[in-house]
Amino acid sequence: MTRPEPVFEEPWHAQVFAITVHLNETGLFTWQQWAERFGATLKRHGHHTRLNGGSDYFAAWLETLETLLGDTSVADPAQLETLRHAWEAAYLNTPHGAPVTLDARAD
Amino acid sequence: MQRWTWLQACVTIPLMPHDHADHSHPHTLLPSDPALRVKALETLLTQKGLIDPAALDEIIDTYENRIGPRNGAQVVARAWSDPAFREALFEDATAVVTQMGFYGRQGEHMVAVENTDAVHNIVVCTLCSCYPWPLLGIPPGWYKSDAYRARVVREPRAVLAEFGVTLPAETAVRVWDSTAEVRYLVIPQRPPNTETLDEAALMDLVTRDSMIGTGLARQP
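First to last, the sequence lines map onto chains A and B. Each residue of the first sequence is one higher than the last, beginning at 192 in the working numbering. Each residue of the second sequence is one higher than the last, beginning at 59 in the working numbering.
The shape of chain A in the complex, shown without the other chains (with noise of 0.2 Å):
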């Protein structure tokens, strides 16, 4: 028997299905919505290269969102680019085996 596949290949694609899944239940927008607008996103990829369904796959669904909660002013584009500023400071700041935290870019 072969080794079943992973349900997600990185956690980053786990994550950014669940808060998908979550606000969709949370009533921010109907899955219809959510369909059309991924569907436009994967068929706009398409165009320039054959998408596998891996990574190029939750690389549309993550642009999807972002647009989609920038689109209804849930989340501001430009504090989410500080936000990812800030992790990015955090990853760098932090010892090699410490708990990555917000807190950390100031060091």
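Since the hints were derived computationally from the structure, they do not count as laboratory data. No residue lacks a Cβ here, since even glycine has one placed at the ideal position from N, Cα and C. Heads up, some of the hints might be wrong.
Short derived list, chain A residues pointing at chain B, Cβ under 8 Å [claimed, not checked]:
id, residue
1, Gln206
2, His213
3, Gly218
4, Phe220
5, Gln223
6, Leu242
7, Tyr248
8, Leu259
9, Ser264
10, Gln270
11, Ala280
12, Leu293
13, Asp294
Fit chain B to the given chain A structure using the hints.
Showing chain B alone in chain A's frame:
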């Protein structure tokens, strides 16, 4: 359940942007760009009170550990062995699988389609990757690929052949395009010489691919 730690991400992702082989790491390895963007999203949405980290853990745990093709296999095995169940399933699959505890979290409608000598059914989502999650879990990579999504509609027999399935010429192939509202479950043909098997033994013959239509049920 153990939460995903981003340290794990550093260890398991092979191509890190910050990959030094020649010195010890003074700091934690930097996750990939999308991983950092997801962290940013999670932080902002948590700060705004729009997401509950515990709920995210629960969703991930559900899809990684509790939902998978065994759910669908149970439906198929019961449809094979219980005529009243089978009839109810084709009448209203959503109601039947909900009763079994396999309800769609996205409120989708479930439809069961049956393979026979005359018709072989295959499921795709040409828009994105709609899939009967409660019955089959998260779709495999190939289901989400452009190659499958585009080609199975155009040349289903060629795609089936690549999956190792060759159908008699007189069997019609029907391709069902899933949507956000309607998800399909293929009920594969029951293999011959399985009359004496109970439901649990029958379940073992039902593969994920046989419920998507890109495979057949196993022979015992």
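Each hint tested on the structure:
Proximity of glutamine 206 of chain A to chain B holds as hinted, the smallest CB-CB distance being about 5 Å (cut-off 8 Å). Among the interface hints, the one on histidine 213 of chain A holds; its C-beta lies about 5 Å from the nearest C-beta in chain B, closer than the 8 Å criterion. Below 8 Å, beta-carbon pairs count as interface contacts, and glycine 218 of chain A has none with chain B, the closest being about 11 Å; its hint is therefore violated. With a least beta-carbon distance of about 11 Å to chain B, the hint placing phenylalanine 220 of chain A at the interface is violated under the 8 Å criterion.
Taking 8 Å as the C-beta cut-off, the interface hint given for glutamine 223 of chain A holds, the closest approach to chain B being about 4 Å. Interface restraint check for leucine 242 of chain A: the shortest CB-CB distance to chain B comes to about 5 Å, inside 8 Å, so the restraint holds. Because the beta carbon of tyrosine 248 of chain A sits about 5 Å from the nearest beta carbon in chain B, less than 8 Å, this interface hint is met. Given hint, leucine 259 of chain A at the interface with chain B, is violated; its Cβ is 11 Å from that chain's nearest Cβ, farther than 8 Å.
The beta carbon of serine 264 of chain A is not positioned within 8 Å of any beta carbon in chain B (closest approach about 11 Å), and the interface hint is therefore violated. Interface restraint check for glutamine 270 of chain A: the shortest CB-CB distance to chain B comes to about 6 Å, inside 8 Å, so the restraint holds. Because the smallest distance between the Cβ of alanine 280 of chain A and any Cβ of chain B comes to about 10 Å, over 8 Å, the interface hint for this residue is violated. Hint status for leucine 293 of chain A relative to chain B: holds, with the closest Cβ pair at about 7 Å, below 8 Å.
Given the 8 Å rule on beta carbons, the hint for aspartate 294 of chain A is violated: about 12 Å separates it from the nearest Cβ of chain B.
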